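Participant: Whatever position you read off the sequence shown (first residue = 1), add 158 for this note's numbering.
Certain hints may be false.
Label-pair ranges, simulated between beta-carbon atoms [said to hold, decoys possible]:
(1) R233 x E400: 19 to 27 Å
(2) P437 x G503: 40 to 48 Å
(3) E318 x R534: 46 to 54 Å
(4) R531 x D409: 14 to 22 Å
(5) I485 x V232: 55 to 63 Å
(6) D305 x Q535: 35 to 43 Å
(7) G297 x A399: 20 to 28 Å
(8) L312 x A407: 48 to 56 Å
(9) P306 x A453: 39 to 47 Å
(10) G438 x F340: 25 to 33 Å
Because the hints were derived from the structure by calculation, they are not lab data. A quick note: this is a predicted structure, and the numbers were derived from the prediction, not measured. We put the CB at the ideal spot given by N, CA and C, even for glycine.
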Amino acid sequence: MDQPRRRPPLPAGADTRHGRGRGAGPAVSRAAQTGVPASRFARPGRVMRITAADRWQLAPGQVLSWRVLLDRSVRPEPVPLSVNQRNHLRAAVAGERTVWLAATFEVPGPISATELTAAYHALISRHSTLQCEVTNEDGEPRADRYDPAQVVCLPRWPRETSSPTETTELVRALLDTECAPFGYPAFALAAVSRPDVSTIVLGFDHLHVDAHSIALAVRDMSRLYRGQELPPAGCFVSRVAEWCEPPPAGDPHPALWRAHFESVGYRLPQFPLPLGLAPGATAEPGTELGRLADAGTTLRLAEAARLSGSTTNGALLTTLARALQAIGGPAATSALMPVQTRRPGDEHALGWFTTTAPVTADTSLAETAASLRRARQLAALPLDQALSSLSRPLRWDRRDVFMVSYVDYRRLPGAAGIDGLRPQHVSAAAEADGVQIWVARTFSGLSVRVRYPDTGQARTVVRAMVGNWREAVAAVADEHLAGALI
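Between the sequences and the hints, there should be enough to build the whole structure, so can you do that?
Facilitator: This is how it looks when you write it as structure tokens:
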């Protein structure tokens, strides 16, 4: 892979608005040069597209990137790490490939490096998590927070690319290198400047963000680049400090968590069907992307769920259980479900604001709805406090637990503000030994991304599952139309 070259910052007086190479003639659209459209600006109806790094493509242009430097003459403030962050860092210490998440969006015209540099520093100043550095001292990660006044953002010299493959590999290499959890920064900014439509890319080690944060990053960076106002952000670092406190005396939730894990032998859930991997083996990741339902079908599914006393998420879990049962799975499948922990005041903050709760996807809508209610009750206790209350360690049969995530991007703060920017949520590729699922609801309907170990058996199983799931979603929606929902 072609590694990005590290160059000195732009010299004084250099042209900082990029759209054509040095000595170039009249600006020519990248689409005209390569036959690959940069993409159409302001396509309505999509709030967020989810994809994976191995499916991601960037049209060529002038690739810009930034260095972020710290003034270490002032001692930083030690800050705590959440249990999600500690688990993530423990895997990194063990040598596992780190995972980054990226936000991309489009802006009209060429990039102004001066304005984007200012926006980048403003983003760091706005969000406490981006002011933190994690170091690894003898296998024990620790975090320190720096004052934003100690942070300097410097643009590197731009690099011209001529193909989507070259461009994507260049930006991916930058994210792979800089979005690593130890050292500062564990995030990166890049842009592909073009005469007509440019692309801005913000990558973060998972340490700093969740899926909700990716949408916020698009909203914040696009507004900061345009010089627009933003609401107060809240403070992730302060919230983590609260999570690290013990639960109040008499809180019933720790006992509920202990009862749950006692009932499952302290074992975390695994995908219920074989994937063609020997015990302890991993494989390169495969990605399945698809649409589960269009906007109309999604509305009917949501109404069917409401009438049955459930939710859209509940209906999706039930239809997933039916899809798995159709290819040999059980009638009920255990999974972990990310649950937002943002409270009033946190809505606009970047950070890893999720807890994880166990849920059972059952072929019965009513049973799944009951399981979701129990999961939300468990999720009321911060995961840090829940796990610290357990009497013995959890058991992993494989590294990847079976996880099903659902995000309704229409409801996120600022969703209307990013519509038309063609935003994408891009996830890094990492070795896999299990199945993990992300479902996104937008104004266009429901889409799904599935990560799995790229074996022949796993590909067959996952593709059959997604096809059956799509049919099961349509069937429940059609049952609602017929008034025959059971």
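Participant: Evaluate each hint against the coordinates.
Facilitator: Each hint, compared with the structure:
no. : hint                    : result
1   : R233 x E400: 19 to 27 Å : holds, 24 Å
2   : P437 x G503: 40 to 48 Å : holds, 45 Å
3   : E318 x R534: 46 to 54 Å : holds, 51 Å
4   : R531 x D409: 14 to 22 Å : holds, 19 Å
5   : I485 x V232: 55 to 63 Å : holds, 59 Å
6   : D305 x Q535: 35 to 43 Å : holds, 40 Å
7   : G297 x A399: 20 to 28 Å : holds, 23 Å
8   : L312 x A407: 48 to 56 Å : holds, 51 Å
9   : P306 x A453: 39 to 47 Å : holds, 41 Å
10  : G438 x F340: 25 to 33 Å : holds, 26 Å
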